[in-house]
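Engineer: Below are the chains, spelled out letter by letter.
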Amino acid sequence: EVKLVESGGGLVQPGRSLKLSCAASGFSFNDYWMGWVRQAPGKGLEWIGEINQDSSTINYTPSLKDKFTISRDNAQNTLYLQMSKLGSEDTAIYYCARDYYDGTYYYWYFDFWGPGTMVTVSS
Amino acid sequence: DIQMTQSPASLSASLGETVSIECLASEGISNDLAWYQQKSGKSPQLLIYAASRLQDGVPSRFSGSGSGTRYSLKISGMQPEDEADYFCQQSYKYPLTFGSGTKLEIK
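Those protein sequences? They're chains A and B, same order as listed.
Per this note's numbering: the first sequence = residues 1 to 123.
Per this note's numbering: the second sequence = residues 1 to 107.
Hints are computed from structural coordinates only; laboratory data are not their basis.
Since we're looking at a predicted model, the values are computed, not measured.
It is possible that some hints are incorrect.
With a Cα cut of at most 30 angstroms, we get these calculated DSSO-like pairs of lysine-lysine [as the list claims (entries may be wrong)]:
hint, chain 1, residue 1, chain 2, residue 2
1, A, Lys3, A, Lys65
2, B, Lys42, A, Lys85
3, A, Lys43, B, Lys74
4, B, Lys93, A, Lys19
5, B, Lys42, A, Lys65
6, B, Lys42, A, Lys3
7, A, Lys3, B, Lys93
8, B, Lys74, A, Lys85
9, B, Lys74, A, Lys67
10, B, Lys93, A, Lys43
11, B, Lys107, A, Lys85
12, A, Lys3, B, Lys39
13, A, Lys43, B, Lys103
14, A, Lys43, B, Lys42
15, A, Lys65, B, Lys93
16, A, Lys19, B, Lys39
17, A, Lys19, B, Lys42
Beyond 10 angstroms from chain B on every Cβ pair, some chain A residues (computed) [stated by the list, open to error]:
hint, residue
18, Ser28
19, Leu45
20, Tyr80
21, Glu89
We treat Cβ as the ideally placed atom computed from N, Cα and C, and that holds for glycine.
Can you build the whole structure from these sequences, using the hints too?
Structural biologist: So this is what it looks like as structure tokens:
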């Protein structure tokens, strides 16, 4: 069974940093692109970015490129999101998600999502 | 960035009714479009990809269509478990972008 579990969320003060983790199991982690998506309370989905299998390609949404860093450890089957200079606008549920692969092609859609971890930025 | 304009923002439907949700892209996206369902308090689930391909395990009452800039999700025969938020997402060009969502409720 494919499983993604995020951790590391919580209450953080404005201007501080936070690192989220996503533990993957039930599939060959190093065969897949992985991504992060966030959702502010009561709002829609915002794609943060994604990373390819060997970390040689990482794409970000432009507005977050200088604040957030995506990385992965294939030996530990773990995806990371390092967030810096956090502001109230970063308060959201953060989801990690697996990019879809049909056995032949990779698609930039997400076929499995974790339950999310809540990040609250407040003093 | 490609803007995805989703409509309506909300709708209510009776059980058994057929409903449609639309997404309009700000430029052609060559069928690189997915639809997700998100139930209250849960993470999104992929329903449709490549505009019209049904994800494994998704009931056949869900279907997707469209081309160019206009895409739609149809639910043929509303069921109680279909009450949820629905989002479209384009994968044609980075950054990936989502529609603003449609809240579907039972009338």
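Engineer: Does each hint fit the structure? Answer for all of them.
Structural biologist: Results of checking the hints against the structure:
With a CA separation close to 27 angstroms, the supplied pair Lys3(A) and Lys65(A) stays within the 30 angstroms bound. Restraint check for Lys42(B) and Lys85(A): the C-alpha separation of about 28 angstroms stays at or below 30 angstroms, so the hint holds. Our distance criterion of 30 angstroms between C-alpha atoms is met by Lys43(A) and Lys74(B), whose separation comes to about 23 angstroms. Between the alpha carbons of Lys93(B) and Lys19(A) the distance comes to roughly 27 angstroms, so the proposed pair stays at or under 30 angstroms and holds.
Distance hint between Lys42(B) and Lys65(A) is fulfilled; the C-alpha atoms sit about 27 angstroms from each other, no more than 30 angstroms. Between Lys42(B) and Lys3(A) the CA atoms are separated by roughly 14 angstroms; this keeps the pair inside 30 angstroms, and the hint holds. Taken as a hint, the Lys3(A) and Lys93(B) pair is honoured in the structure, with Cα atoms around 28 angstroms apart against an allowance of 30 angstroms. Distance hint between Lys74(B) and Lys85(A) is unfulfilled; the C-alpha atoms sit about 42 angstroms from each other, more than 30 angstroms.
Taking the CA atoms of Lys74(B) and Lys67(A), the gap is about 38 angstroms. The hint is violated against a cut of 30 angstroms. Distance hint between Lys93(B) and Lys43(A) is fulfilled; the C-alpha atoms sit about 23 angstroms from each other, no more than 30 angstroms. Between Lys107(B) and Lys85(A) the CA atoms are separated by roughly 44 angstroms; this puts the pair beyond 30 angstroms, and the hint is violated. A distance of roughly 18 angstroms separates the Cα atoms of Lys3(A) and Lys39(B); the hinted pair therefore holds under the 30 angstroms criterion.
Of the pairs offered as hints, the one joining Lys43(A) and Lys103(B) holds, with about 11 angstroms between alpha carbons and a cut-off of 30 angstroms not exceeded. Between Lys43(A) and Lys42(B), the direct Cα distance comes to roughly 14 angstroms. Compliance with the 30 angstroms bound is thereby established for this hinted pair. For the hint linking Lys65(A) to Lys93(B), the alpha-carbon distance of about 16 angstroms falls within 30 angstroms, and the restraint holds. For the given pair, Lys19(A) sits about 27 angstroms from Lys39(B) by alpha-carbon distance, which is consistent with the 30 angstroms threshold.
Between Lys19(A) and Lys42(B) the CA atoms are separated by roughly 22 angstroms; this keeps the pair inside 30 angstroms, and the hint holds. The non-interface label for Ser28(A) is consistent with chain B: the shortest C-beta to C-beta separation is roughly 18 angstroms, beyond 10 angstroms. At the 10 angstroms boundary, the C-beta of Leu45(A) falls inside the reach of chain B, the nearest C-beta of that chain being 4 angstroms off. No Cβ of chain B approaches the Cβ of Tyr80(A) within 10 angstroms, the least distance being about 19 angstroms, so the stated non-interface status holds.
Residue-level check passed: Glu89(A) sits 17 angstroms from the nearest beta carbon of chain B, beyond 10 angstroms.
The structure is inconsistent with the numbered hints 8, 9, 11, 19, although it conforms to all the rest.
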